[in-house]
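Participant: The whole structure should be built from the sequences, with the hints applied where relevant.
Going from the sequence shown to my numbering is simple: count from 1 and add 32.
By construction, these hints were calculated from the structure, which means they are not laboratory data.
Zero decoy hints are in this set.
Per label pair, the in silico range of CB-to-CB distance:
| id | residue 1 | residue 2 | range |
| --- | --- | --- | --- |
| 1 | K67 | K99 | 46 to 54 Å |
| 2 | K67 | M38 | 15 to 23 Å |
| 3 | R117 | A95 | 23 to 31 Å |
| 4 | S121 | A93 | 34 to 42 Å |
| 5 | R68 | I100 | 44 to 52 Å |
| 6 | L37 | S72 | 13 to 21 Å |
| 7 | L132 | A81 | 53 to 61 Å |
| 8 | A94 | K130 | 44 to 52 Å |
Remember, predicted model here, so these are calculated numbers, not experimental data.
Backbone N, C-alpha and C define an ideal beta-carbon position, used for all residues, glycine too.
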Amino acid sequence: MDLNLMDGEHRSALDVAKASKATDAMQWIVEYNAKRTILSFLKRNHYRAMKIRRRQKLDRAAALIQKIIRAYATRKIYNGVLLRRLEDSQRFLPIWGKFLDSY
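Facilitator: Shown next, in the form of structure tokens:
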């Protein structure tokens, strides 16, 4: 039975309990509705928080993939220049390294 259903006179179960002065029934109905409201609120916020965490995880994964692809593309584009600079530095260090260390 749904407590929000209306009878022929458009009264809910709570209205009927108030009209008949059934205090225990009124208290139970009020507490039951309050529990349902709180549960609905908590459930909705829990699922919203889970959705936010899932979205953040996907964003981090996408950023990581983009970072890896960007690094690969940069190395591919500048590979020749980087190798020449590495060779130059390896030739430079034996010749000028002693001078730099003493300075």
